[in-house]
Amino acid sequence: MKWIHPRTISPILLATLILTGCTSYPDDGAGGMGEYTAMSDFSPVFPEEPLGPEHGLRFDFHLAKLQLDSLINQGAQWCFPAAVIQAETKEKRIARELEGNLLLDAANDIVILRKNLNKLELQLDYVTGETQCVPPSQNSAFQSDKVIITKLVDLLNIDNQFAVGSTEINPKYMGHLAQAASILKQHRHLKLSVTGHADMSGSAEYNEKLAMGRAKQVERYLIIFGLETARIQTLSVGETLPLTEGDTPAIRLTNRRVSIDIISTKAQGGGYEHL
Numbered sequence: 041m042k043w044i045h046p047r048t049i050s051p052i053l054l055a056t057l058i059l060t061g062c063t064s065y066p067d068d069g070a071g072g073m074g075e076y077t078a079m080s081d082f083s084p085v086f087p088e089e090p091l092g093p094e095h096g097l098r099f100d101f102h103l104a105k106l107q108l109d110s111l112i113n114q115g116a117q118w119c120f121p122a123a124v125i126q127a128e129t130k131e132k133r134i135a136r137e138l139e140g141n142l143l144l145d146a147a148n149d150i151v152i153l154r155k156n157l158n159k160l161e162l163q164l165d166y167v168t169g170e171t172q173c174v175p176p177s178q179n180s181a182f183q184s185d186k187v188i189i190t191k192l193v194d195l196l197n198i199d200n201q202f203a204v205g206s207t208e209i210n211p212k213y214m215g216h217l218a219q220a221a222s223i224l225k226q227h228r229h230l231k232l233s234v235t236g237h238a239d240m241s242g243s244a245e246y247n248e249k250l251a252m253g254r255a256k257q258v259e260r261y262l263i264i265f266g267l268e269t270a271r272i273q274t275l276s277v278g279e280t281l282p283l284t285e286g287d288t289p290a291i292r293l294t295n296r297r298v299s300i301d302i303i304s305t306k307a308q309g310g311g312y313e314h315l
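Our numbering puts the first residue of the sequence shown at 41, with every later residue one more than the last.
Don't read these hints as lab results, they were simulated from the structure. Hints may be right or wrong, so weigh each one.
As the list claims (entries may be wrong) - List of simulated lysine to any residue pairs, SDA-like, C-alpha gap at most 25 Å:
1. 249 / 208
2. 212 / 169
3. 256 / 173
4. 231 / 204
5. 130 / 145
6. 155 / 212
7. 155 / 125
8. 212 / 159
9. 132 / 249
10. 191 / 284
11. 159 / 193
12. 231 / 269
13. 191 / 293
14. 159 / 141
15. 256 / 277
16. 159 / 288
To be verified - Ranges of calculated distance between the beta carbons of each label pair, as one might list FRET restraints:
17. 200 / 266: 17 to 27 Å
18. 256 / 198: 30 to 40 Å
19. 285 / 139: 14 to 24 Å
20. 102 / 169: 40 to 50 Å
For glycine and all other residues, C-beta sits at the position ideal for the given N, C-alpha and C.
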């Protein structure tokens with residue numbers, strides 16, 4: 041193979057090579073290749089290094105992973121497939137953050153993951169008191185649903201949704217809502233839980249109202265795009281559950297958002313139940 045000196049490559053060709061052959065940037069609304077990083081060799085400790093804050097985070101992450109594994113062993117993926125998919129995605133994100141030494145991001149995501157897992161545990165306890173979470177009779181149908189839920193999660197939970205102090209939706213995100221509504225109209229057993237968030241720029245009371253306004257605005261456009269009101273639940277957490285801790289303009293941008301959970305309401309006979 042003939043070696044080519046970088047100076048002999050035209051700037052346009054070099055840019056093309058960089059953009060197409062030498063990067064792994066994720067698609068819009070997705071986590072890229074990192075979302076699928078295997079974690080089998082991800083250790084919760086550094087046995088040969090002095091103790092530091094990353095050790096505590098890795099240990100907390102390990103506990104959360106064990107909790108999720110336990111819920112899956114109890115059948116959570118059959119009764120609450122959407123919640124499990126989203127927890128697994130968050131788990132992989134935390135692993136990447138810890139490997140990249142993004143400790144504040146990892147700490148915040150661990151808090152969110154543990155809160156979601158505790159909620160899932162309560163839901164699972166309730167359902168398993170009445171019935172069993174077992175694999176669906178038609179596994180191919182379940183796998184198809186899993187693909188649909190994953191796509192909806194990616195579409196609905198992207199960054200850069202709202203301007204500062206505003207409930208007006210970014211046009212690009214509005215396009216994502218239209219796509220999601222089109223998918224949901226074909227899968228009527230799926231519902232949405234829309235949670236509004238705000239950054240920490242204003243008072244807690246103001247941010248609570250602003251976050252609810254954002255959730256209601258998302259609901260409004262989903263209804264315009266053809267989704268029934270009964271399939272959308274809205275709530276607000278104000279500034280209390282930021283996606284990322286901090287106060288830079290970029291961090292405030294990511295915290296001005298809605299987070300959307302996909303909920304399956306299929307009966308147990310068809311595969312899984314919803315609380």
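Hints versus structure:
1. The suggested pairing of residue 249 with residue 208 holds, with an alpha-carbon distance near 14 Å, which does not exceed 25 Å.
2. This hinted pair does not check out: residue 212 and residue 169 have alpha carbons roughly 43 Å apart, beyond 25 Å.
3. In summary, the hint linking residue 256 to residue 173 is not supported, as the alpha carbons are separated by about 33 Å, beyond the 25 Å threshold.
4. Distance hint between residue 231 and residue 204 is unfulfilled; the C-alpha atoms sit about 28 Å from each other, more than 25 Å.
5. The suggested pairing of residue 130 with residue 145 holds, with an alpha-carbon distance near 12 Å, which does not exceed 25 Å.
6. A hinted pair counts as satisfied when its Cα atoms are at most 25 Å apart, and residue 155 with residue 212 does not qualify at roughly 30 Å.
7. A distance of roughly 15 Å separates the Cα atoms of residue 155 and residue 125; the hinted pair therefore holds under the 25 Å criterion.
8. Distance restraint check for residue 212 and residue 159: the Cα-Cα separation of roughly 31 Å exceeds the 25 Å cut-off, and the hinted pair is therefore not satisfied.
9. Proximity of residue 132 to residue 249 is assessed by CA-CA distance (about 32 Å); at most 25 Å being required, the pair is judged violated.
10. Restraint check for residue 191 and residue 284: satisfied, since their Cα atoms lie roughly 23 Å apart, inside the 25 Å limit.
11. Restraint check: the Cα-Cα separation between residue 159 and residue 193 comes to about 18 Å, which is no more than 25 Å; the hinted pair holds.
12. Between residue 231 and residue 269 the CA atoms are separated by roughly 10 Å; this keeps the pair inside 25 Å, and the hint holds.
13. The straight-line distance between the Cα atoms of residue 191 and residue 293 is roughly 23 Å, inside the 25 Å bound, and the hint therefore holds.
14. Proposed proximity of residue 159 and residue 141 is contradicted: the alpha carbons are some 28 Å apart, above 25 Å.
15. Annotation: proposed proximity of residue 256 to residue 277 holds, straight-line Cα distance about 13 Å (limit 25 Å).
16. Proposed proximity of residue 159 and residue 288 is contradicted: the alpha carbons are some 30 Å apart, above 25 Å.
17. Distance hint check: the CB atoms of residue 200 and residue 266 are about 25 Å apart, consistent with the given range 17 to 27 Å.
18. A C-beta distance of roughly 19 Å is found between residue 256 and residue 198, which places it outside the suggested range of 30 to 40 Å.
19. Separated by about 19 Å at the C-beta atoms, residue 285 and residue 139 satisfy the suggested range of 14 to 24 Å.
20. Between residue 102 and residue 169 the beta carbons are some 29 Å apart, a value that contradicts the proposed interval 40 to 50 Å.
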